[in-house]
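Novice: Sequence:
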Amino acid sequence: MARLLPLSLRAPGSCFRALSLRAPGSCFRALLVSLLLVAALQLLYLGLLSAMHGRQQRLRYSRLFQGGGRLGAAPGAGARGGEADSRDGGAGGSLTLGPGRLDPSGRYRLYRDVSRSPVSREAGDLELSLATHSSLHNLHHLPGLARRWQGPLAVAVFSGPGELGASLQLIHKLEGHCPCLRGRVTFTLVTPSGLPEKGVAPEPGGGERQEPGTRDPQGGEPPDPHPACRRALAQLRLYSRGRTNYALSAGPYPNNLLRNAARQALPSRHVLVIDVDMLPSAGLRPGFLRLLGGLTRGPESRPGADRTVYVVPALEMRHTRRLPQHKAELQQLYQVAEVRPFYAELCPRCQAPTNYSRWINLPAAADATTSTSSTGPVLQVAYTREWTDPWEPFYISRNTVPPYDERFEQYGFNRISQVSCSDVIGIVGGVGWGGAG
Numbered sequence: 001m002a003r004l005l006p007l008s009l010r011a012p013g014s015c016f017r018a019l020s021l022r023a024p025g026s027c028f029r030a031l032l033v034s035l036l037l038v039a040a041l042q043l044l045y046l047g048l049l050s051a052m053h054g055r056q057q058r059l060r061y062s063r064l065f066q067g068g069g070r071l072g073a074a075p076g077a078g079a080r081g082g083e084a085d086s087r088d089g090g091a092g093g094s095l096t097l098g099p100g101r102l103d104p105s106g107r108y109r110l111y112r113d114v115s116r117s118p119v120s121r122e123a124g125d126l127e128l129s130l131a132t133h134s135s136l137h138n139l140h141h142l143p144g145l146a147r148r149w150q151g152p153l154a155v156a157v158f159s160g161p162g163e164l165g166a167s168l169q170l171i172h173k174l175e176g177h178c179p180c181l182r183g184r185v186t187f188t189l190v191t192p193s194g195l196p197e198k199g200v201a202p203e204p205g206g207g208e209r210q211e212p213g214t215r216d217p218q219g220g221e222p223p224d225p226h227p228a229c230r231r232a233l234a235q236l237r238l239y240s241r242g243r244t245n246y247a248l249s250a251g252p253y254p255n256n257l258l259r260n261a262a263r264q265a266l267p268s269r270h271v272l273v274i275d276v277d278m279l280p281s282a283g284l285r286p287g288f289l290r291l292l293g294g295l296t297r298g299p300e301s302r303p304g305a306d307r308t309v310y311v312v313p314a315l316e317m318r319h320t321r322r323l324p325q326h327k328a329e330l331q332q333l334y335q336v337a338e339v340r341p342f343y344a345e346l347c348p349r350c351q352a353p354t355n356y357s358r359w360i361n362l363p364a365a366a367d368a369t370t371s372t373s374s375t376g377p378v379l380q381v382a383y384t385r386e387w388t389d390p391w392e393p394f395y396i397s398r399n400t401v402p403p404y405d406e407r408f409e410q411y412g413f414n415r416i417s418q419v420s421c422s423d424v425i426g427i428v429g430g431v432g433w434g435g436a437g
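For the sequence shown, the UniProt record's numbering begins at 1 and goes up steadily by one.
Rather than coming from a laboratory, the hints here were simulated on the basis of the structure. Wrong hints could be hidden among the right ones.
[Unchecked claim] Here are the computed distance ranges between Cβ atoms for each label pair:
hint, residue 1, residue 2, range
1, Tyr383, Ala328, 16 to 22 angstroms
2, Ala352, Pro225, 36 to 42 angstroms
3, Asp306, Leu41, 46 to 52 angstroms
4, Ala39, Glu345, 41 to 47 angstroms
5, Glu345, Asp405, 34 to 40 angstroms
None of these values were measured; they are calculated from a predicted model. We put the beta carbon where it would ideally sit given N, CA and C, even for glycine.
Build the full structure now, drawing on both the sequences and the hints.
Specialist: Next up, the structure:
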């Protein structure tokens, strides 16, 4: 018994010492393991929830577009880019739109290359393209713009809640019935990232007819020569009646996101970014390509050429009429105030650095009246200057210039976020009226 007494006394003491020294460490480890386990379970839950949400969203999109009826398709159609899967049958076909992708803010979803006719990507086409953006309200301007540009063009179309199905139908109607768009235009659809409303908007129909003698409302352009295209445009205008004109509303219109989406959709060495309701002068694209050919041993070959842009002076016509065909005619209209600088009333200082008085008085070349849309006017860099605040010109630039700041929405001081990153501005002018927008 005497031997057991010290053992019984030491045992509790040993146990007490062990608890007092080791218990805190054991509790900390247990707490850490518990926290890690909870975090792992939360990550697993979020992953499963995201996957389930994605499946539900794809199912709803699939039902939305598979139930949307037959969509007019262009001949030789075939959706590209992996985001739209089309199954054509005869003149129409059902289309299942993929999940698209979110923009960096998570507020908008982009569906790239929803065109059904492949865009030409020949060597010459990749040198210069045009990027623009539109809502359904202004999309009727697109055929006139495409006819004037005569080259590869990318457009980002913003569709509000409930408009996605109708937007797709209208795009395919235009593409199928307007030869000026077929094989030249690539479309990107941009919508708010929330799920679309259940069901699909009824397919735009319409008895609105446009008489052959009426003029396109875009800057005095004559109507499209193809009756089927005129009917498709009439249906588009009928559908867009009462729809939101984002220039006149407080609703979101991510114009800089749309500009970036259009630029990325059709990469080329140089790009001109303008609004869809503007018209470039006839032959601007071939004229500028010829100008670039003469600059290969000049400014384009010097260091910093990627930060040089070529301003295309933009003007407004007071009345809808036939567009000037050459520089001399433009000068006459300018002198009688039928033509004025872009934003002359809304923001004159935003365009003042272009120095329109200097540009408009540059002499026209002798061959200005003989240039055609295929050869283009003879263009040259009239003068250069540094960017100054708050200049917001329209310009042709390398596609390597920084993207537009997508935090800016609606209208006003949104293009300035990109052009201010450029060092040297070259004003294009001299011959033809190739600087008129």
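Novice: Could one say that the CB atoms of tyrosine 383 and alanine 328 fall in the range 16 to 22 angstroms?
Specialist: 20 angstroms, holds
Novice: Please test the hint of 36 to 42 angstroms on the beta carbon pair from alanine 352 and proline 225.
Specialist: 39 angstroms, holds
Novice: Quick check on a hinted range of 41 to 47 angstroms for alanine 39 and glutamate 345, using CB atoms only.
Specialist: Violated: the Cβ-Cβ distance is about 59 angstroms, outside 41 to 47 angstroms.
Novice: Can the suggested window of 34 to 40 angstroms be confirmed for the beta-carbon pair glutamate 345 and aspartate 405?
Specialist: Check failed, 26 angstroms falls outside 34 to 40 angstroms.
Novice: Is it true that aspartate 306 and leucine 41 lie within 46 to 52 angstroms of each other by Cβ?
Specialist: 50 angstroms, holds
Checked against the numbered hints above, the structure violates hints 4, 5; every other hint is satisfied.
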